Amino acid sequence: MKRAQMDCRRVQTLLEEYFEGTLPTRRRAGVREHLDQCHGCAAELVQIEKVAGALAAVPRAEPAAALLREIAARTALMPSPSAQQALLAGWRRLGVLAATLLAALVGVRFALMALMPRASSAITYVVDALIRAANFVQTWFDALPKVGRVLWEALVGFAASLGSASEAVAFDLITYAVAELALLVLVVVLCDRRRRAVQSTVTSLL
Amino acid sequence: MDETREELSDSQLVQTCLEGRTGAYDALVARHYRGIYNVVYRIVGNAEDASDLTQETFLRAYSKLGTFDTSKSFLAWIRRIATNQGIDHLRRRRTSDVSLDGQMESGLQYADTDLTQSPAEAVEMAEDSRRVLAAVQELPAKQRTVLVLRHVEGLKLEEIATTLSLPLGTVKTLLFRGRQAIRAMVGEL
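Note that the protein sequences, when read in sequence, are chains D and R. Here the first sequence is numbered in this note's numbering, starting from 15 and rising by one per residue. Here the second sequence is numbered in this note's numbering, starting from 21 and rising by one per residue.
Extracted from the complex, chain R is given alone in its bound form (with noise of 0.2 Å):
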């Protein structure tokens, strides 16, 4: 059933929960929660946080299923109600309360290794990760937003544009401002 279940696209599997057989619903959830999961992270910056807002994402879309409109991509769907809940958590609490440098101690490895770079390069690279990503950390909601969806999760303008109900021209504008407010917070890289 599971294998089965592994072959369904995001579409047939929420038209089998409407239908009545609920565990279809795990299945998505087991396919998207670590993206979820990440996207959030990105924005509220704390595993716990992120942990609970992951939780609450998906209760939340379980419970809106039946107004999801299968025609329609289901990861845009949830990653549009996770980045709502990241931001109305930051609105909430305002400031970032997070050690930047615990999760790069934490032993998590880098998605996209280069295989040309030399140990140094790789060393070099981490602390300029370090750098941007404590500075991210520093920037209102949705400019922190719009940065994680457009270089940590890689979306088109457009995408993020859906994702988050804005304006192209105002995607942008965050876009380049959190860029710029990067720069002059990180310097010379």
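Isolated chain D (complex conformation) (with noise of 0.2 Å):
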């Protein structure tokens, strides 16, 4: 069976595709045949070729003398590839270390969950407890210059009616110190009685 004739408009789109030679062998073969007999398209493909040859006609440039210095010397002040390997492998380490632990207190917990419901419980209420003293404590701790603010101006009044500075700044750092221990003695009242609330649940539970 005879192969049908490519046309121009044919040949035109396959013309780069058969400069590469990345045609199959039929239709290499036809856009062969119809190169033999069309001008037209014989000179766009010398076109292309003239192009290709051109971009590798294009001269070698030559890198300034100092390039292969400055590479060298800026390597030699970054941490060497070994170094950076252990670096890494350290970090991977640590990486694999910590989601080992994660998933092995993950685990435990669960575990506890589905063999010991009211261990479970007490343990939540531990985590509770300790996640509500710290609140505590932190609200405060955050409250504290509020509160010697307060008892710095009154102080400050207190100074200046009696008219002597430094007996003003005694009584200040007294009275302060007074307050912050008596807010400390609180904190560790309310802890303890948290932790012996805490501790009676737990008992009372296992």
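No wet-lab data here; the hints were simulated from the structure. Everything numeric in this text was worked out from a predicted model, so none of it was measured. Just so it is clear, CB atoms sit at the ideal spot from N, CA and C, and this is done for glycine as well. Treat the hints with care, as some may be off.
[Claimed, not checked] No farther apart than 27 Å at their CA atoms in a straight line, the calculated lysine-lysine pairs in the BS3-like style are these:
| hint | chain 1 | residue 1 | chain 2 | residue 2 |
| --- | --- | --- | --- | --- |
| 1 | R | K176 | R | K192 |
| 2 | R | K176 | R | K162 |
| 3 | R | K162 | R | K192 |
| 4 | R | K176 | D | K64 |
| 5 | D | K64 | R | K162 |
| 6 | R | K176 | R | K92 |
| 7 | R | K92 | R | K192 |
| 8 | D | K64 | R | K192 |
| 9 | R | K84 | R | K162 |
[Claimed, not checked] What the simulated footprint calls covered on chain R by chain D, stretch by stretch (three residues with Cβ under 8 Å from a Cβ of chain D suffice, anywhere in the stretch; the number is not a length):
| hint | segment |
| --- | --- |
| 10 | 35-47 |
| 11 | 63-77 |
| 12 | 81-94 |
| 13 | 147-154 |
| 14 | 171-180 |
| 15 | 194-204 |
Please assemble the complex out of the two chains, which come individually in their own frames, going by the hints.
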């Protein structure tokens, strides 16, 4: 069966592939056959070849003589690849360790929840109590400057009424220390009470 | 020691460097910096930028040397880094600011001088190259890079696809469109 002749339009779309040698054999033969007979398409191919040839003939550029030295100087300031690898390996080990630990904690937590619902709720309570205690302490520490400022203003007024700066400062310091101590005792007592409550709950549960 | 390094393959030099003898990397740089400089130079079209990007390419490769697969080609790997740097640079710069006439007048010699050419033919070829190279600088970054890799560096289409992490079909399209655009810009050669 005779192959149908390709027209110019079809050949033009295939010329680039023809030039690259990426056309399938039959299609390549069809283009070749057309090019043998069509001067216009053959001239197009010559232009493609000339573009490629002109690019291939582009001169090689010579880099500045200092380039090699500059690269060597800059790499000398960098950590060596072996050191970087060791550092990377260290971080990876740490990551694996952290992931394993986390997985183990989650596993223990779920195991406890499954096996000992009461213990699990006790653990939840402990964690909750710890968070509350931390929040409580934090609140008081946040409030301390405010209390201090109020006391300071009161003491300044008191000092002014006494008319003695040194006495005012001494009184200020003492009052401030007593106030802080009182707050600290209060925090400790509250924490201890909460600790006892937690302890008794855990004991009763276990 | 240098003579011994000359005899080592790229992969062996990388391995030596990874074992702590970092001087091996200098040998790798000395072996490839001209080639990498040329690839980058033809992509960005500017000697100063090409010099900076060549430095950055080798520094980046040094910092990532531990990730290099020594069963593969170091040149292909570093060429990939270099072309990516070139393309990124063009995207940042957007427009070309280079005078290619200046390059042609800087006393550069043609690498593949055809001894069968007459002086007149050689001059004509140089003029064609100058016009085509000027047209290349007007192309979008990826078309330009593909043309440089294909015709200036002589890479196969598959190698270009690997270098640029592009499908083969995309490389063909970029190449064909690039050549067509050049023909449209330059006219008859």
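Now the hints, each set against the structure:
no.	hint	result
1	R:K176 / R:K192	holds, 11 Å
2	R:K176 / R:K162	holds, 16 Å
3	R:K162 / R:K192	holds, 12 Å
4	R:K176 / D:K64	holds, 18 Å
5	D:K64 / R:K162	holds, 21 Å
6	R:K176 / R:K92	holds, 17 Å
7	R:K92 / R:K192	holds, 24 Å
8	D:K64 / R:K192	holds, 18 Å
9	R:K84 / R:K162	holds, 24 Å
10	35-47	holds (count 7)
11	63-77	holds (count 5)
12	81-94	holds (count 4)
13	147-154	holds (count 5)
14	171-180	holds (count 4)
15	194-204	holds (count 6)
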